[in-house]
Amino acid sequence: MTLFALIFYLLAALILISTLLAITRRQPVHAVLYLIIAFLGTAALFFLLGAPLLAAFVVIVYAGAIMVLILFVIMLFQRFPRELGLLPQWGPATFLGIIFLAVAAAMVFKDPGSGIILQGAVAKPRDFGLFLFDRYWLAIEIVSILLLVALVAVIRLGKKMGAADHEAESSPPICQTGVRRDSQNREAHP
Amino acid sequence: MIVPFGHIFILAGLIFAMGLICLVAHRNLIMTLIGVEVMMNAAAIAFIASSLRWKLMEGQVFVLFILAVAAAEVSVGLALVVSMYRRTGSIDPDHYDILKG
Chain A
1 MTLFALIFYL LAALILISTL LAITRRQPVH AVLYLIIAFL GTAALFFLLG
51 APLLAAFVVI VYAGAIMVLI LFVIMLFQRF PRELGLLPQW GPATFLGIIF
101 LAVAAAMVFK DPGSGIILQG AVAKPRDFGL FLFDRYWLAI EIVSILLLVA
151 LVAVIRLGKK MGAADHEAES SPPICQTGVR RDSQNREAHP
Chain B
1 MIVPFGHIFI LAGLIFAMGL ICLVAHRNLI MTLIGVEVMM NAAAIAFIAS
51 SLRWKLMEGQ VFVLFILAVA AAEVSVGLAL VVSMYRRTGS IDPDHYDILK
101 G
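Chains as they are written, first to last, in our numbering: chain A, 1 to 190; chain B, 1 to 101.
It should be emphasised that the hints constitute simulated quantities derived from the structure, not laboratory data. A virtual CB, placed ideally from N, CA and C, is assigned to each residue, including glycine. You may find that some hints are simply not true.
To spell it out: a stretch of chain B is covered by chain A in this simulated footprint if at least three of its residues, at any positions, have a beta carbon under 8 Å from a beta carbon of chain A; those stretches are [to be verified]:
| # | region |
| --- | --- |
| 1 | 3-12 |
| 2 | 45-55 |
| 3 | 64-71 |
Can you build the whole structure from these sequences, using the hints too?
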């Protein structure tokens, strides 16, 4: 077992344990905090598998922007919602998840290529960027339009929310949408 | 020399199954969104592993798109959750029964 393999199994254990802790929490705040650890482990795994630029993006977008956005929204609720339990159907759900996992594992091990030992290779950020904007520039534009549409939708939802709160006032509630607009811009940047 | 290709896929499958269970079993809408995030994370790991195996950079390009789609999805989803919370005072989807006559 090489050093890289040791690092991989340690990272895999870290990601699995923190994700398992995250999905079993009742409080969303605790789940988000465990999930940040899982995403940092995922970023290290991306770095190990030769994608340093995407490792940086995962830290910035997933562990940074998205998780902080969820935490902000949880704090936006005036009185914290009481702890919600699991659905009564959590047993069959877990059973179906395990069946899915068994089928997926059988498929992976049936594949003759699954035993191939991966050789390390690194996609340098410069090469990756050149490749991306050389061949997939149209997809990048479409994704930017998607982010713009999401931005417009979120601002619209936020304005409707504010109008329901301040029905007597005629001025649009700028402060409520401003926070959301900032966080959206930060996500759209990478 | 890192690890066999199948081991990374098993890791991705385990994370995906955990996200699926979280998505289905929780009563809290924010936990449902977190489950979707976990599933997208598993898909990204599978794409990166395939990119390394076939030495093609398309896998990494797809992971970039997954990041952008996850950002858009979670922001719209959270805005909807907050909107429904303002309207009904609950983030339990069982309480969203105002259409009941």
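Hint by hint, here is what the structure shows:
no.	hint	verdict
1	3-12	holds (count 9)
2	45-55	holds (count 7)
3	64-71	holds (count 7)
Of the numbered hints listed earlier, not one is contradicted by the structure.
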